[in-house]
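**Q** Protein chains in written order, with this note's numbering: chain A, 145 to 418; chain B, 145 to 418.
Simulated from the structure, these hints should not be mistaken for lab results.
The structure displayed is predicted, hence computed values, not measured ones.
Each hint should be verified, as a subset may be incorrect.
One copy or two, either will do: identical chains are not told apart, so a pair holds if it fits within one copy or between any two.
Calculated pairs, BS3-like style, for lysine-lysine (alpha carbon to alpha carbon, straight line, at most 27 Å) [to be verified]:
#1 K411 to K319
#2 K388 to K319
#3 K411 to K388
#4 K222 to K402
#5 K268 to K402
#6 K298 to K222
#7 K257 to K177
#8 K319 to K298
#9 K268 to K222
#10 K402 to K388
#11 K319 to K402
#12 K298 to K257
There are 2 protein chains.
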Amino acid sequence: MIIIAERINGMFTNVKQAIADKDKKVIQELARKQTEAGATYLDVNVGTAAADQAGTMQWLVETIQETCATPLSLDSQKPDVIAAGLKVINAENGVILNSTPLNKKTDEEIFDKYMEMADQAGPKACIITLTMDKNGVPQDVDTRVAIAADIISKAMEKGFDSQRLFVDPIILPVKVPNAQVQPGNILSAMDQIRYLSEPAPHMTIGLSNLSQGATERSLINRVFLAMGISRGLDSAIVDVLDEKLMNVLATAEMLMNKQIYSDSFLKVYASMNE
Amino acid sequence: MIIIAERINGMFTNVKQAIADKDKKVIQELARKQTEAGATYLDVNVGTAAADQAGTMQWLVETIQETCATPLSLDSQKPDVIAAGLKVINAENGVILNSTPLNKKTDEEIFDKYMEMADQAGPKACIITLTMDKNGVPQDVDTRVAIAADIISKAMEKGFDSQRLFVDPIILPVKVPNAQVQPGNILSAMDQIRYLSEPAPHMTIGLSNLSQGATERSLINRVFLAMGISRGLDSAIVDVLDEKLMNVLATAEMLMNKQIYSDSFLKVYASMNE
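Chain A on its own, in the form it takes in the complex (with noise of 0.2 Å):
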């Protein structure tokens, strides 16, 4: 499982206190822990607060890269801000470029920006692609199933590998009313998308999102990292500090036959991940 660690973002209190401060220590202890707790790529995300989104991006960039080797994953919906950070990141490791705009103009033209951008970063640059387009997010399996197709395919043209694709079906609030069809609806989706190339495109989700609002956040979240990684989901952006929920995903990848069974598959998946 490529496990995508959320906490570094400014919308958290501490992590925005920390940017206004310029204060190293927070950021650097939340890199640290996250990969101690089996983070694949830390998420950088500056939020909303900042007004120079462009300059924050690189101090934290620059912040993490002084105290780990963790590819980071460049989260925002402005590619000027995931450019800014391209410019001072070591992308030796793999960077993710995340992700296409939510701005209801993920059409080609932007795509093959973010593309040429993820080349330029380096060969193991990825990009998380939303499966929506300029009529927004669609409600229905067909369309999220189409738009993956489409952006498949945009991707081969331009020859650039489906193995650095991450379709992400874009989880919705279950909160969110008339909403509560969406996560059936995402299964569905991710059912075909997972047989659209040969090898898959990565499958990743914004896990926390499901459960935005909502009482019992980490069961919500754990119960449909469950279902998801038994529809050939391989990656998330979750809570990694969330025991219980890193617990499921080492069981679920077991029972998928991912990982051997052991009398200590738990901490044999931890350890694998350090």
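Starting from the known structure of chain A, arrange chain B on it as the hints suggest.
**A** For chain B alone, kept in the frame of chain A given last:
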């Protein structure tokens, strides 16, 4: 979700002892507690220790019926033991014959006999049918589905409603060598079995069997239950007294849009089943 509570089973030490001592209190308390915890049916299994299995089944049925009206699932691999239970049961609210024998002889003749027994017990009497045949438990997806299709077609021929069938794809312990591909196979089989008839047959599993002999039993059961519910699993034989498991069940049902989200969805689900 049709929840079949597993605890009244002679394989558990306290039940075995209660059977030996003809101690009604232990059995009746388990019946009450499991009903309060959300059991739709109470499974009744005499275990292997009792010399007179048919008589023990009758004593258990009568003992439980003295204290509560929750319908029962008569659990035995011996048709005669189930038949004995049926003689003394009040099947007005339903009963499950659990299950077609696990003795490599679930051929037409035996299944016919089970349908007759169920019809004699009343219009609400159901049968758990295992997806196995004379060759034993199939290891692959296709044979499981083919056997399920055969079961449903035989039921249709006899005018036995598919809604009175619970197809059990037989889950094996994940700890058994070479069995680790099975959970994935069973989920894939479920994807197909649910489309074999309209309305779909019920699907059930003996969930605890999955974690037999393993560490982290409840965690393994919880994760697989979530996966199963996302594939249309609408029944399971479970430890209904495992509160964490029941919370996962309620959450999975909510995420699959079988229950509306509210901030107190866990409590709402629990009270619905009282």
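**Q** If a hint holds in the structure, say so; if it does not, say that too.
**A** Here's how the hints hold up against the structure:
1. In this assembly of identical chains, the alpha carbons of K411 and K319 lie at most 27 Å apart only when taken from different copies (16 Å versus 34 Å within one copy).
2. In the homo-oligomer, the alpha carbons of K388 and K319 lie at most 27 Å apart both inside one protomer (22 Å) and across protomers (22 Å), since each shortest distance falls under that limit.
3. With identical chains, the CA atoms of K411 and K388 are at most 27 Å apart both within one copy (13 Å) and between copies (21 Å).
4. Taking the shortest Cα distances, K222 and K402 never come within 27 Å of each other, neither inside one copy (35 Å) nor across copies (38 Å).
5. For a Cα distance limit of 27 Å, the shortest separation of K268 from K402 inside one copy, 23 Å, qualifies, whereas the shortest one across copies, 42 Å, does not.
6. Only within a single protomer do K298 and K222 lie at most 27 Å apart by alpha-carbon distance; the minimum there is 21 Å, versus 60 Å between protomers.
7. Taking identical chains as interchangeable, the C-alpha atoms of K257 and K177 are never at most 27 Å apart, the minima being 34 Å within one chain and 62 Å between chains.
8. Within a single copy, K319 and K298 get their C-alpha atoms no closer than 34 Å, and across copies no closer than 44 Å, so neither meets the 27 Å cut-off.
9. Taking CA atoms no more than 27 Å apart as the test, K268 paired with K222 passes inside one copy only; the shortest distance there is 21 Å, against 60 Å between copies.
10. In this homomeric assembly, K402 and K388 come within 27 Å of each other (Cα to Cα) both inside a single copy, at 19 Å, and across copies, at 25 Å.
11. Taking CA atoms no more than 27 Å apart as the test, K319 paired with K402 passes between copies only; the shortest distance there is 14 Å, against 32 Å inside one copy.
12. In this homomeric assembly, K298 and K257 come within 27 Å of each other (Cα to Cα) only inside a single copy, at 12 Å, whereas the closest approach across copies is 59 Å.
Going through the hint list in order, the structure does not satisfy hints 4, 7, 8.
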